[in-house]
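Protein chains: 4
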Amino acid sequence: MYSFTCDYTEGAHPEILRALTETNMQQEPGYGEDSFCASAKKRIREATGCPDADIFFLVGGTQTNSTVIDGLLEGCQGVLAVQTGHIAVHEAGAIEFCGHKVLTLPQHQGKMDAGELKAWLDSFYADGTYPHMVQPGMVYISFPTEYGTIYSRAELEGIGDVCKQYGLPLFIDGARLGYGLASPAADVTLQDIAGLCDVFYIGGTKVGALCGEAVVFPKGNAPKHFFTHIKMHGALLAKGRLLGIQFDTLFTNGLYMEISAHAIRMAMKLKTIFAEKGIPFYIDSPTNQQFPILTSSQMAELEGKIAFEIWERLPDGRAVTRFATSWATKEESIKTLQQLIG
Amino acid sequence: MYSFTCDYTEGAHPEILRALTETNMQQEPGYGEDSFCASAKKRIREATGCPDADIFFLVGGTQTNSTVIDGLLEGCQGVLAVQTGHIAVHEAGAIEFCGHKVLTLPQHQGKMDAGELKAWLDSFYADGTYPHMVQPGMVYISFPTEYGTIYSRAELEGIGDVCKQYGLPLFIDGARLGYGLASPAADVTLQDIAGLCDVFYIGGTKVGALCGEAVVFPKGNAPKHFFTHIKMHGALLAKGRLLGIQFDTLFTNGLYMEISAHAIRMAMKLKTIFAEKGIPFYIDSPTNQQFPILTSSQMAELEGKIAFEIWERLPDGRAVTRFATSWATKEESIKTLQQLIG
Amino acid sequence: MYSFTCDYTEGAHPEILRALTETNMQQEPGYGEDSFCASAKKRIREATGCPDADIFFLVGGTQTNSTVIDGLLEGCQGVLAVQTGHIAVHEAGAIEFCGHKVLTLPQHQGKMDAGELKAWLDSFYADGTYPHMVQPGMVYISFPTEYGTIYSRAELEGIGDVCKQYGLPLFIDGARLGYGLASPAADVTLQDIAGLCDVFYIGGTKVGALCGEAVVFPKGNAPKHFFTHIKMHGALLAKGRLLGIQFDTLFTNGLYMEISAHAIRMAMKLKTIFAEKGIPFYIDSPTNQQFPILTSSQMAELEGKIAFEIWERLPDGRAVTRFATSWATKEESIKTLQQLIG
Amino acid sequence: MYSFTCDYTEGAHPEILRALTETNMQQEPGYGEDSFCASAKKRIREATGCPDADIFFLVGGTQTNSTVIDGLLEGCQGVLAVQTGHIAVHEAGAIEFCGHKVLTLPQHQGKMDAGELKAWLDSFYADGTYPHMVQPGMVYISFPTEYGTIYSRAELEGIGDVCKQYGLPLFIDGARLGYGLASPAADVTLQDIAGLCDVFYIGGTKVGALCGEAVVFPKGNAPKHFFTHIKMHGALLAKGRLLGIQFDTLFTNGLYMEISAHAIRMAMKLKTIFAEKGIPFYIDSPTNQQFPILTSSQMAELEGKIAFEIWERLPDGRAVTRFATSWATKEESIKTLQQLIG
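Protein chains in written order, with our numbering: chain A, 1 to 342; chain B, 1 to 342; chain C, 1 to 342; chain D, 1 to 342.
Honestly, the hints are just simulated from the structure, not real lab data.
Check the hints yourself; a few may be wrong.
DSSO-like, lysine-lysine: derived pairs with alpha carbons at most 30 Å apart [as the list claims (entries may be wrong)]:
no., chain 1, residue 1, chain 2, residue 2
1, D, K219, A, K224
2, A, K277, A, K305
3, C, K305, D, K42
4, C, K118, B, K224
5, C, K42, D, K305
6, D, K118, A, K224
7, B, K118, C, K224
8, B, K224, C, K224
9, B, K164, C, K224
10, C, K277, C, K330
11, B, K219, C, K224
12, A, K224, D, K224
13, B, K224, C, K219
14, D, K224, A, K118
15, A, K305, B, K42
16, B, K224, C, K164
17, A, K219, D, K224
18, B, K305, A, K42
No experiment lies behind these values; they were computed from the predicted model shown.
Produce the complete structure using the sequences and hints provided.
Below is the structure:
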């Protein structure tokens, strides 16, 4: 049985395993001071067009979100996110654990609206009692969103403009960044992302790595004690080489974008298959997560042969499902699906 | 140049890389629910003689210490440790970040004394003002200690008895557990360790793994929401397979103890070499960390050929140094050292 | 100009000042171990019908909410409250500062609905991913609510039943408790409140005291280290006598309920005045806070003579306003208002 | 029986009670925006010679310490204090609760030594592993200390110079500030204190008030969101007038220094009595706390007539005791003691 349940079902891209194996007995210092991290940072500075970027390699997404957000906020500040933002729902209160409230805005297919952000801030400061409330300290968005959608350049600029007006850093959660940038609907590049925010991360876990997220402060604008801060959060890997080697590999010869593009090609085939069968979608996603609404008989056809995620059961017996492709998805699995689904 | 600076300079034991590579494309669920984690837990339950043990795989040592300690303590409780305990010095305040004070006792070659622990607790409760102070909530020791020393069974029982008397869980930091158990001076086994404490961890990072620490609650005594707690701490790995495969490999055919024993053989050779040259030791360590006191000319002889860590410079020009062996140390590196040192 | 802006514009009930003055030079131990606190606790145990109650005197409302909630929750748990709950909006993130998320439910005139609470919990545990989310650990409601409304006995029992079913303690914020109990609409007494929840507090600050909230664990069910916990929160008053004397006075000869009843009589007069003028209300409040919707000309009539709070400006130029009465409200102020408003 | 056990056994200076009573029915806004707070701030700005000072009124000492320290420190920073500092011992972990470690230095009769502070900092930064440790973020001292001793101007300047060199704010805990400034041994004034540190507080609780500590940022250098920060800490008093009236009274016509001087006169009489009887002192304290070492027969003579605190029992049967005077100490109590003690 092949599983489309999520984009982290396999291990790592074979190039990464090869690099790990080849360099295995090379002695290196710990805590990210190894030569592989240095090389990976160099390559990421080039790929993002940010020669002065501060770059840190962390292990996982929730960890990265809480470490970055806690690193940027002052004590009584909170982070603005949409209600469906990963930090607002699926991180077990990791942000609140660090003492900060997640201030939520409405979502539109997973996205924040610049106008609503501005209206929230205008309204917040218009109310004379605002010093009695959590102070907004930064804005968090994800690219792609938890619904697979992506922001256009204009939308990102709009949010960025509001952030600048109110002095709020903009943080982009790029756990699936490659799959967003490789989408045919994307009108931004990795360099654009770096230019449009104050800090973002390049997701490795879901895009070919065993683990690892590369946090980028594009303008060398990392908080002063960020290294110690990472350690305090329990997020500093002793054998930093594990992260360095993976990102060095992913950013050699464009591998990161190449495997991202593969996942998107597979996702678009998947989308076409569903569409051609007249199966509706919950959301029109341009990235690696597809949300077809299947009938119970359609689901029965796949049972035991193709695994997927039930996103939400509908009252009429149908279900919103999630099919995720990744760097590891094989064309034959797509074909199997095509043959099974009616 | 060969480096003895620490025990995490190489990657992973080759068996681990082989297992990662062989299983790479096998699809597995995330977050530790994969088949490798299940198998690794089974093997660890057998190796520890604890069929009911709750086992969790975390990524690194500081993370494990803060997650376990914060999981066991109530809000206004602190953890008792010796002044040189890793959590008291080298973890960037990770315990305090979780809201808990590290209450320190004197150390004796890195070890806690059961009598002093009892005296501290007796004295604490004898003072009527104790409700105004941080309440002792658990005891933390490391095996081996930060100085490479190990507790005897009698010493562990002594500390355990005091803990029971005062209702305090005993937590053993086993970041280098294998190297302690494999020491010729050890009179306890892995099963003994499991029986003598309430929670401990089996260090992987320093004993053959790329990363990973296996937390064991021997009697199935994990706190109720410990999984969510791990996630909240940013310590839940999405691709849990990375940890499962590593511990599954380490606990197949006794690999963990076999490579630990190798490191200790190398350390004892190293120790003999220094001793035969009449070089004194800062501490008489029976494990993989050795602390010879070298003169400046001895250090000059090694310069550029053998790397080691300067632990503390002495007023007379000599230095306490640290040489660490590991699963990866080669006999030829020991011989090179032998030839160089005068 | 007389101000109806809130219920804490004056100092303390004169009896309290008299008691403070009379006892001033009597020497007493600190930290709540004085004879006044002992006497006050005895009186509150009688008034609540809870001979075994654990009682603690804290200084203010936000402090009490965060100290109680943080004292009852485990690390990765959150507190359920309605979106308009004081802890969710107006406490500057004091709950999140302690590491806990406020999980919000819809509000109905400020109240939580037992059915919606049950549905939320059913749905939470029905989703297999719930261990990745903040665990619900307790329920918070306020009596009266932030909108001046009160729960009926049946409503409280309904919420309490859901809490019991899910093993969640129920906490009632009684910052204005007296004003709720004295309402003609109330069908519960102080003893009922004590019987219907696991912990609640009797607000002093807004009901006759200079400061002070009496936290009551009706069944002697305070967490073990709650005294130390209070100190850790910075909420332990050195001269506990200040709180003891105030609550001892308020609970002598029924003063607390007597002055609460006065405030409600004044509020009902106020309500009648507005109603007789045909002025609509934003909410039909049965307690000391009234929310008439005034036109701009009505507001102009009061300007400079009667102060009140603008709660929300409406698009049509009118405004939802708040008029609060208290133990200190004088009948003549109500008459002045009556004469001014058209 | 008269008690010398501590300096907060009575209520408030009668002038304060009179002011509270006189102003009781005057309506005022809450949260420190009342006219009394404004007046008190004006008077404190004059008394400290700091026309631009930011001033905040908090309720108690532990609360003030944790609110100020947490307000000044970044996440991974700790506060330097001596081992006997109040924050290091007697505050139930309130600083760690906020996420910060208390980094301890040796004490000399309760005082920090500037040379040792500098040596600690030099050594900290000399060790290349310092980014793995808690970063020093500020220095905390108390004036007078927990042992009743006071710093000379030269000592304060010495500490201040080290702080400036390392960019660390200096915070002076002035819970008993008046008693230090009124000491015959003091060579600094209130204005000097304000000039020698970055933030300090003027203790009210122990010097004539029912409660209250006035935090002073002498150069208008309060952190941006300090008001919200206070609220988040649960330290914002709704009826701020209670604090405003008290400090307004204490800083009218020099009352604060006048009553402080009285306490010191009483303490010096006490000291002379003990000295004339040949009773040794544990510490030569120049302030309101005296630490005579009494024999068991001397303690028996006082039993039931004069209460005092046992500070530490000595092996030879004697005890270090503490006798504290205050604004409320009566000359006749001193005389009683004189007659009893042999």
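Hints violated by the structure (numbers, ascending): Failing hints: none at all.
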